[in-house]
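Generate coordinates for the entire structure from the input sequences, incorporating the hints supplied.
For the protein sequence lines, the chains are Y and W, in the order given.
If you number the first sequence the way the numbering used here does, the last residue is 116 and the count never jumps.
If you number the second sequence the way the numbering used here does, the last residue is 694 and the count never jumps.
I should point out that these hints are in silico values taken from the structure, not numbers from a laboratory.
Bear in mind that the values here come from a model prediction, so they are computed numbers and not experimental data.
Using N, Cα and C, we set each Cβ at its ideal position, and we do this for glycine too.
Heads up, some of the hints might be wrong.
Listed below are the simulated SDA-like cross-link pairs for lysine to any residue, each with C-alpha atoms no more than 25 Å apart in a straight line [what the hints assert, rightly or not]:
no.	chain 1	residue 1	chain 2	residue 2
1	W	Lys134	W	Trp273
2	W	Lys134	Y	Gly93
3	W	Lys133	Y	Arg86
4	W	Lys518	W	Arg422
5	W	Lys134	Y	Asp66
6	W	Lys82	W	Asn54
7	W	Lys609	W	Phe592
8	W	Lys143	W	Lys133
9	W	Lys609	W	Ala679
10	W	Lys107	W	Gly50
11	W	Lys520	W	Gly458
12	Y	Lys58	W	Leu113
13	W	Lys133	W	Glu156
14	W	Lys82	W	Ile109
15	W	Lys134	Y	Glu77
16	W	Lys575	W	Phe335
17	W	Lys134	Y	Ala82
18	W	Lys133	Y	Ala82
19	W	Lys134	W	Gly458
20	W	Lys609	W	Ser619
21	W	Lys82	W	Lys133
22	W	Lys133	W	Glu234
23	W	Lys609	W	Gly594
24	W	Lys134	W	Glu404
25	W	Lys518	W	Gly458
26	W	Lys134	Y	Arg86
27	W	Lys134	Y	Gly72
28	W	Lys472	W	Asn393
29	W	Lys134	Y	Lys58
30	W	Lys133	W	Arg422
In silico negatives: residues of chain W with every beta carbon more than 12 Å from chain Y [what the hints assert, rightly or not]:
no.	residue
31	Gly50
32	Thr100
33	Asp140
34	Gly309
35	Met332
36	Glu337
37	Ser341
38	Arg362
39	Asn496
40	Gly512
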Amino acid sequence: MGETTSSFFEALSGAGRQPLLAHASGTLRFELSDGGETHRWLVSVDRGEITVSRARRKADCVIRADRRLFEGMARGEVNATAAVLRGAIEVEGDPQLLVLFQRILPGPPAKSEAQR
Amino acid sequence: MSPDVVNILDGNTFVVSDERGDVEATPTDTAGLFSFDTRFLSTWVLTVNGERLNALSTDDLSYFRARFFLVPGTGTVYVDSKLSVIRERAVSEGFHETLTVLNHDEKPIDLTLRIEAGSDFADLFEVKDALDKKGEYRQDVEKGRLVLTYRRETFERATAIESSPAADIDPSGLTFRIRVDPHDSWTAQLAVVTRLVVSGQVRRTPGSERALRRARSGMEADLRRWISSAPRLESDWEALNDTYRRSLVDLAALRFSPLSAGGRSLPAAGLPWFMTMFGRDSIFTSLQALPFTPQLAATTLLELGIRQGTRIDDFRDEDPGRILHEMRYGEMTAFEERPHSPYFGSADATPLFVVLLDEYERWTGDRRLVRRLELEARSALNWIDEYADLQSNGYISYQRRNEETGLENQCWKDSWDSISYRDGGLPGFPRATCELQGYAYDAKIRGARLARLVWRDGAFADRLEREAADLKRRFNRDFWVADGEYFALALDPEGNQVDALSSNNGHLLWSGIVDRAKAKAVARHLLGRRLFSGWGVRTLAEGESRYNPIGYHVGTVWPFDNSLIAWGLRRYGFKEEAARVAVGILEAAELFSGRLPEAFGGYERMVTKYPVQYPTACSPQAWSTGAPLLLLRTMLGLEPVGDNLVVDPALPVRIGRLELLDIPGRWGHVDAFGRGRFAQPARQTTSRSAAKRR
Chain Y
1 MGETTSSFFE ALSGAGRQPL LAHASGTLRF ELSDGGETHR WLVSVDRGEI
51 TVSRARRKAD CVIRADRRLF EGMARGEVNA TAAVLRGAIE VEGDPQLLVL
101 FQRILPGPPA KSEAQR
Chain W
1 MSPDVVNILD GNTFVVSDER GDVEATPTDT AGLFSFDTRF LSTWVLTVNG
51 ERLNALSTDD LSYFRARFFL VPGTGTVYVD SKLSVIRERA VSEGFHETLT
101 VLNHDEKPID LTLRIEAGSD FADLFEVKDA LDKKGEYRQD VEKGRLVLTY
151 RRETFERATA IESSPAADID PSGLTFRIRV DPHDSWTAQL AVVTRLVVSG
201 QVRRTPGSER ALRRARSGME ADLRRWISSA PRLESDWEAL NDTYRRSLVD
251 LAALRFSPLS AGGRSLPAAG LPWFMTMFGR DSIFTSLQAL PFTPQLAATT
301 LLELGIRQGT RIDDFRDEDP GRILHEMRYG EMTAFEERPH SPYFGSADAT
351 PLFVVLLDEY ERWTGDRRLV RRLELEARSA LNWIDEYADL QSNGYISYQR
401 RNEETGLENQ CWKDSWDSIS YRDGGLPGFP RATCELQGYA YDAKIRGARL
451 ARLVWRDGAF ADRLEREAAD LKRRFNRDFW VADGEYFALA LDPEGNQVDA
501 LSSNNGHLLW SGIVDRAKAK AVARHLLGRR LFSGWGVRTL AEGESRYNPI
551 GYHVGTVWPF DNSLIAWGLR RYGFKEEAAR VAVGILEAAE LFSGRLPEAF
601 GGYERMVTKY PVQYPTACSP QAWSTGAPLL LLRTMLGLEP VGDNLVVDPA
651 LPVRIGRLEL LDIPGRWGHV DAFGRGRFAQ PARQTTSRSA AKRR
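Written out as structure tokens, the structure is:
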């Protein structure tokens, strides 16, 4: 299991209310494949309040991706929409939740970000 | 576009074929079946006994259905065939085609029908630029169907073709060997189904007559509902009634449901290249259509809001709070060879988002949506000052950060030479075009109203109003070309005026940023000989160095532009002037059979007598489709005031009677009536004989 993935979800869990998701509610399950294994993370969003667990519950939106690709997303290096379009991420259920979830992902590490 | 090309569409799925119904695409033309920016069929050719057919007639039955009457033969004038073929095609998740062969002879006939099928799976961007493909192709014959597949890494697009009755299928097409009895007919159903990224099986679409009928009747019922829920127009100007109906039908055809919108639709920008979500086009079209189909605005606001920028991304020209410019779904976007996932390089969509939100509330009273989008609206307002003021001079300006595939010009006049000085010189970047400042002003004024009314934040409202007042004061000082008495097209990077006279002045009236004392001079220019052609206001004034009556943004007349100009004139009390612009454009619409093109030539009306279509303009174009709607609103002087709709018509005698019935809004439904009162100047009257000559 990648360190980055765990720390991403841990940070998300401890980050408190996400104002950018104030109007989002629903559950997303990330199924991240890593070699032969699949690691599942359940993210529940309740009007901006986020809880993260490993519970195996039914989710409104299931996102399947390779663990490394997901870590790229978490670092802002991989654009999730483009990845969905090229089939590198599979989405089942309500895709709008993934569109909203992208709001809290970082942007690409670019020099203009440091300048601002 | 050549006249024999037939377009039918549903959302962003469309078919472009020749008059026989055949598709033989070359790498650079737009023939084919397209869906989500990918060509799913580039070859679809019917032969009978090895011979191509000839078209006797082609009917557009509706925007999603077409019918082709064909006969075998050499294409000479004299046709005497014992055989005819009818192809009827309807677009929905690909397309369905009913193929009917009629034997008019007294003898039975044995025939070999062949459909050649193939796909290059080109991305729309590749069709425009003729680029090479990087993936691999497959053709599989499986269980009674032909599946064409294109694969590049995890990217996969497929087209499944099946028929009822079953055909002999090979990797490049379908063959039917049939016998048709005397005076009898033979029919086959063909289904072409497009498949996107989704995993698993190709979605089965039963090729049965019943399923086909169901798909058709569902879409027809939907179109009937769409038209019957819009206000009814009655007038003694027959052509205006036709234009209105054409606009409603085209607007229905241009509805587009983004992949993640749960079936809700918003206006796409135009056929065939622009069947996707555009910030600017979707917002303007929703604004134009607000009094008629307010639900379009709600979806536009929600969908653009959900995809609002949240980070700095140079490739996509994204900033926090920025509203997207364009979304695409094709291969080049998927592999980040193009930035449209989505691309944010537009400087006007963000303030216009706030303008639309406020205008939507004024019409519908839907405060729930205004509350729902409070965060997005505040972020958009914040973008204006925080991210769009590239020169720290208090004005919005633009300069792309993606220098390879980003857009150089991020205003609606986005061609390379659209922003020029009088002497034809082009300014450097960043550019602060004038209409952007007007939109920013309007966004702040309207944002303040929403802050006070819905978000209950008086301090924010006060701040926005102070900023707006300051912006207006500075703008009227810095952009005013004193010796010409109009507003400059832009400020250049040095802060100097880009001093050409342009139609942008009309947008400034619309936004309200123009000092009262200056409005009369602006209106005089808009209706003056240099800008007004007799049909409408030219994008760039005659006499400017780059003026060209068929230059895309440097002299043509854009119906959409004129609809906003008329609204702007009305806003400053120039009722008759507004109606002159409105009638000019609507008379042009009459000569375009009710469907206004994106742009037409800026030639003097008295000289050409009829409007000259701009050579490559695409049609129907959403904001041209919306123009007659906004012009009707303008002429009738429809304005929501509190919970009432004020009607204050100002019509020329050209229109004897104009009634718009059942206008939806926060008042329920109301009717508006108007009668022609004032005479038009002589150079304006339509020449009926000229129209006929055309």
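To see whether the hints hold, each was checked on the structure:
With a CA separation close to 22 Å, the supplied pair Lys134(W) and Trp273(W) stays within the 25 Å bound. For the given pair, Lys134(W) sits about 31 Å from Gly93(Y) by alpha-carbon distance, which is inconsistent with the 25 Å threshold. Of the supplied pair hints, the one linking Lys133(W) and Arg86(Y) holds, its CA atoms being roughly 15 Å apart against a limit of 25 Å. A distance of roughly 21 Å separates the Cα atoms of Lys518(W) and Arg422(W); the hinted pair therefore holds under the 25 Å criterion.
A hinted pair counts as satisfied when its Cα atoms are at most 25 Å apart, and Lys134(W) with Asp66(Y) qualifies at roughly 23 Å. The hinted pair formed by Lys82(W) and Asn54(W) meets the criterion: a straight-line CA distance of about 14 Å does not exceed 25 Å. Using a Cα cut-off of 25 Å, the hinted pair Lys609(W) and Phe592(W) holds, with the two alpha carbons roughly 13 Å apart. Among the hinted pairs, Lys143(W) with Lys133(W) is inconsistent with the structure: their alpha-carbon atoms are about 29 Å apart, more than 25 Å.
Taking the CA atoms of Lys609(W) and Ala679(W), the gap is near 20 Å; set against the 25 Å cutoff, the hint holds. For a cut-off of 25 Å, the pair hint linking Lys107(W) to Gly50(W) stands: about 21 Å separates their Cα positions. With a C-alpha separation of about 34 Å, the suggested pair Lys520(W) and Gly458(W) falls outside the 25 Å cut-off, and the hint is violated. Only pairs whose Cα atoms come within 25 Å are accepted, and Lys58(Y) paired with Leu113(W) is rejected, the gap being roughly 51 Å.
For the proposed pair Lys133(W) and Glu156(W), the alpha carbon gap of about 13 Å is at most 25 Å, so the pair holds. Of the supplied pair hints, the one linking Lys82(W) and Ile109(W) holds, its CA atoms being roughly 10 Å apart against a limit of 25 Å. Between the alpha carbons of Lys134(W) and Glu77(Y) the distance comes to roughly 23 Å, so the proposed pair stays at or under 25 Å and holds. For a cut-off of 25 Å, the pair hint linking Lys575(W) to Phe335(W) is broken: about 52 Å separates their Cα positions.
With a C-alpha separation of about 17 Å, the suggested pair Lys134(W) and Ala82(Y) falls inside the 25 Å cut-off, and the hint holds. Among the hinted pairs, Lys133(W) with Ala82(Y) is consistent with the structure: their alpha-carbon atoms are about 18 Å apart, no more than 25 Å. Between the alpha carbons of Lys134(W) and Gly458(W) the distance comes to roughly 56 Å, so the proposed pair goes past 25 Å and is violated. For the suggested pair Lys609(W) and Ser619(W), the alpha carbons sit about 22 Å apart, so the restraint of at most 25 Å is met.
Straight-line distance between C-alpha atoms of Lys82(W) and Lys133(W) comes to about 44 Å, which puts the hinted pair past the 25 Å bound. Of the supplied pair hints, the one linking Lys133(W) and Glu234(W) is violated, its CA atoms being roughly 53 Å apart against a limit of 25 Å. Taking the CA atoms of Lys609(W) and Gly594(W), the gap is near 17 Å; set against the 25 Å cutoff, the hint holds. Using a Cα cut-off of 25 Å, the hinted pair Lys134(W) and Glu404(W) holds, with the two alpha carbons roughly 20 Å apart.
Taken as a hint, the Lys518(W) and Gly458(W) pair is broken in the structure, with Cα atoms around 31 Å apart against an allowance of 25 Å. Using a Cα cut-off of 25 Å, the hinted pair Lys134(W) and Arg86(Y) holds, with the two alpha carbons roughly 13 Å apart. For a cut-off of 25 Å, the pair hint linking Lys134(W) to Gly72(Y) stands: about 24 Å separates their Cα positions. For the hint linking Lys472(W) to Asn393(W), the alpha-carbon distance of about 13 Å falls within 25 Å, and the restraint holds.
Straight-line distance between C-alpha atoms of Lys134(W) and Lys58(Y) comes to about 38 Å, which puts the hinted pair past the 25 Å bound. Of the pairs offered as hints, the one joining Lys133(W) and Arg422(W) is violated, with about 44 Å between alpha carbons and a cut-off of 25 Å exceeded. Its beta-carbon lying about 40 Å from the closest one in chain Y, Gly50(W) satisfies the requirement of being farther than 12 Å from that chain. The non-interface label for Thr100(W) is consistent with chain Y: the shortest C-beta to C-beta separation is roughly 39 Å, beyond 12 Å.
Even its closest Cβ contact with chain Y, about 18 Å, leaves Asp140(W) beyond 12 Å, as expected for a residue assigned away from the interface. Listed as outside the interface, Gly309(W) is inconsistent with that label: its C-beta sits roughly 9 Å from the nearest C-beta of chain Y, within the 12 Å cut-off. Chain Y draws Met332(W) into its interface by the beta-carbon criterion, the shortest separation being 10 Å against a cut-off of 12 Å. With a closest Cβ-Cβ approach of about 10 Å to chain Y, Glu337(W) is found to fall inside the 12 Å limit, against its non-interface label.
Once the 12 Å rule is applied to beta carbons, Ser341(W) is inconsistent with being away from chain Y; the minimum gap is 4 Å. Remark: the non-interface label on Arg362(W) is consistent with the geometry, its nearest Cβ contact in chain Y lying 22 Å away (cut-off 12 Å). Every CB of chain Y is more than 12 Å from the CB of Asn496(W) (nearest about 27 Å), matching its label as outside the interface. With a closest Cβ-Cβ approach of about 30 Å to chain Y, Gly512(W) is found to remain outside the 12 Å limit, as its non-interface label requires.
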